[in-house]
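K.L.:
Chain residues, written in single-letter form:
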Amino acid sequence: MSIDLMTALIGFLLTSMILSYIIGDGPLFRIAAYIFIGVSAGYLTVIVWNQVISAGLFAPLMDNSASPATRGLLFIPLLLGMLILMKVSPRLAWLGAPAMAYMVGVSAAVLVGGAVMGTILPQVFAAADPFGVDQPIDSLVTGFVSLIAAVTTLVYFQFSASRQADGTIKRNRIVESIAWLGGIFMAITLGALFAGVFSAALTALVERIDSILAFLFSFMGSF
Amino acid sequence: MADIICSNCGVSNAARHTHCSFCGQPLNTEPDNPSILPGDAPTKKTTAELEPILPQWLRDARQQARDMAQKNATEDARIAAENPAPAQQINPADLLAGLAATARQDESDEVPDWMRGVPGTTSTSRAEKTEDPSFSRRQEIRWEQEPIEDAPASPSAEHNEEVPSWMRAADPPSPEKEEITDWLNQKNESAASAHFEAEPGESSNWMDPVESAPFEAGPPPMSTANESAADLPDWMKLDSATPTPEAAAPGRLPDWLAAMKPTETSLPAAHIEPAETKTSPLITSDESKGGINVDELLSIEMPDWLSNISPTDRPITKPDIESQPPQEIAPASLPSWVQAMRPVENIMPGITPSASRQARESEGPLAGLAGVLPAAPGFATSGKPKAISIRLQASDAQQTGATLLEQMLAAEANPRPMRSTSLAASQQSLRWGIAILLFLLVAAPLLLRTQIVPFPALSAESALSQQILETLPQDAPILVIFDYEPALAGEMEASAASFMHTLIGSRQPRLTLLSTSPTGFALSEHFFSETQSQTLVRGEHFTNLGYLPGGATGILAFAQNPPNAMRFNLAWHTALTQNINALADYALIILITDQAETARAWVEQTLLQRAGRPMLIISSAQAAPMIQPYLLSGQVNGLIVGLRDGVAFESTSPDYRGPARAYWEAYNLSMLGALTIIVLGALWNGFSRRGNELDQA
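Protein sequences appear in the order of chains V and F. Using the numbering used here, you'd call the opening residue of the first sequence number 1 and step up by one each time. Using the numbering used here, you'd call the opening residue of the second sequence number 1 and step up by one each time.
Bear in mind the hints are in silico, worked out from the structure with no lab data behind them. Check the hints yourself; a few may be wrong.
What the hints assert, rightly or not - Derived coverage of chain V by chain F (criterion: at least 3 residues anywhere in the stretch with Cβ under 8 Å from a Cβ of chain F; other residues may be distant):
#1 35 to 48
#2 87 to 96
#3 110 to 124
#4 136 to 142
#5 181 to 188
Stated by the list, open to error - Listed next, the in silico SDA-like pairs over lysine to any residue satisfying Cα-Cα at most 25 Å (straight line):
#6 V/87 <-> F/551
#7 V/170 <-> F/551
#8 V/170 <-> F/549
#9 V/170 <-> F/405
#10 V/87 <-> F/549
Where is the CB? At the ideal position from N, CA and C, for every residue including glycine.
Go ahead and model the full structure; you've got the sequences and the hints to work with.
P.N.:
Written out as structure tokens, the structure reads:
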């Protein structure tokens, strides 16, 4: 049995076990899910150790040809990594606080800077671009629709209300109308997202069924 | 009897009532009682006036005391009649003769042995004595009203003018005096059980042996005088030669008194007999007959009042208690603090509003009192409080809610028929039906290899990618990022296979593969092995850098300095990347991802470092709506979305048959079937809900 046939057989079995969820949450589905989790964890560990820790930390430290400065700087990530490992012990967890704080601080700075420079500002300028004087009418209409959708969606999440004479708590009629329109845009957006997810899942199903049929044909063809 | 109308509230009360049963005011009191003002001197009151307002328990105690006193007086009279007292000798300086007269009628106290036989003590033993829990001690002090019958004048009455009556010792002894001296000469140690009872009506003057009530002249009640002689001190012990008090020689002074030298001061009324060897603590009347000077006996300077003590000859007569009417308790004057507690009608000095001008309370606990409440019209009207209805004031909405709640509670008691079995069976059947339909719709086109559905044309977004592809130079370094999950590998491979095939086939680029996911290395290898027909050699056609750790931080580090970020990566040190020193050195950056977050991170972190280099995103259909704004804003130069654009690209390459074209037929049919099921289900749900609403209505 060639390796390809073996891998195909394993794929067929695991796919069938996952599709057994149609019958119910049975043992076959759970076994397949546990295998997936375990294999993923193991594979991830190997990749991280092989391509990050070993290749990026220990190997350079033990490389005599590397410059002392390079090797000296490697002690910093080594020390910070050891401190983070102290999080395992409740008594020594406080030792990992500085390293964790450094990681969180750097990540927050990178994300905030990227969000501001890479998303907020460009998107704001892009949202105002359809209202330019040299833009065509359809672009202007598109801009207005986008603007109305954004504003009404924001108003939808405005929950300030007052008590009426009959004791009920209601929002202002104007606010209620605008929020109703924002709800429509939100529904359209959620519908589009659902369609994309369904499309992706359907494509994955088609691919899996195609692989099953191919295996079956190849398996039967081998006989 | 006719009822008594209360003058305060006007309520009719029974004749036996002394106070109004409604307002509590005295029925016979005058309405115009003068009120007490601050600063007024206490007025003399009699206790009899306050008798009606005393508490019941106090009145009962007082009545019991009166009854007991009357009873004791009767008893004393009976005893005195049975045991006539001997002739009383005149004994000067009968110092303790009045002790018996001043003794209180105390039933609980025991008369000591040395006082037994004293005239005035009752002959009743302890056993005979009945306990009276009443306030027998309480005896009205009759300083003024209790007339004391003086004894008849004695022969030495001329001395009485100078000496107080109770101190007269010069009077000839009277039979009552003999009684007094008798107890001095008697052995009283045996009278342990005799109670020393004071006669009713006796004064508190213990020094007056004459004016006091007659004592019990009887002999010591107990005959154990000889037996208890040893218990007495020596100076109280009597000689055994005098077994009985009656046989004792009258007028014999006690030894301690006889040993005393009489003083020069003569006592006009002191007839004290010479002291004898017999010890007697007190001077008897007989001893006073001897004219012994007390001062001389005591050899000390006696005060005048003590020196002039002498029994008088006045006969001590017992008041006829039986003939006397029962005396009522004389009203005593109230102390000032009691008077101050009386209700004050007006506290303002100088203003004495009369009770008739002030408003009186006619009802309530303060009925009959004047000036208690401000006489302001309409102010806190007294009387029965206004009846408040306990019925809840609920609005219509609240009542409706309460009715609904009651219905709900009532419905809780009624079991609802369960339809779980049929419902679960219908859902299971529906699930099986949908699954079978989808399998058929997918498998049939794949098995039959039909091409009913036409291939789509390139979209506007994918057309931009086509333009970018056409502008790329030959052997250009291209960075391809594989950041998608293995679960959607089928869709991503189908979407990217045709474009990559076209790119590699037309431009022979130098590919650098990278991934921020640990599974990216394996996915990239699988992609090239499964979708590309060309034989690509690692290190010659492409280099796989593998996993880039750190997420957005790693992307930024790689974007800022790719060689430094990959200095420890052996795959970087190849000919394919020898000219790459910055991210801008790549001619094209292709991002294959199924997550909008990954696309956003790459777009944000590489925007400045790309320096205008084009970036192409091959995205899954689920992430395309979130990535499209980046395309519209110009941050991304091209976008290939899902299987549709993959088929569109594949249709432009007639010599290439990728997986997208095979999937397209099944994809469309299954999508159509799914849409039909969704629409039918929505209609069914809408109609069923409408029917339920109509049924409930």
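K.L.:
Are the hints correct? Go through all of them and say.
P.N.:
Status of the hints after comparison with the structure:
{"no.": "1", "hint": "35 to 48", "verdict": "holds (count 5)"}
{"no.": "2", "hint": "87 to 96", "verdict": "violated (count 0)"}
{"no.": "3", "hint": "110 to 124", "verdict": "holds (count 9)"}
{"no.": "4", "hint": "136 to 142", "verdict": "violated (count 0)"}
{"no.": "5", "hint": "181 to 188", "verdict": "violated (count 0)"}
{"no.": "6", "hint": "V/87 <-> F/551", "verdict": "holds (21 Å)"}
{"no.": "7", "hint": "V/170 <-> F/551", "verdict": "violated (45 Å)"}
{"no.": "8", "hint": "V/170 <-> F/549", "verdict": "violated (51 Å)"}
{"no.": "9", "hint": "V/170 <-> F/405", "verdict": "holds (24 Å)"}
{"no.": "10", "hint": "V/87 <-> F/549", "verdict": "holds (21 Å)"}
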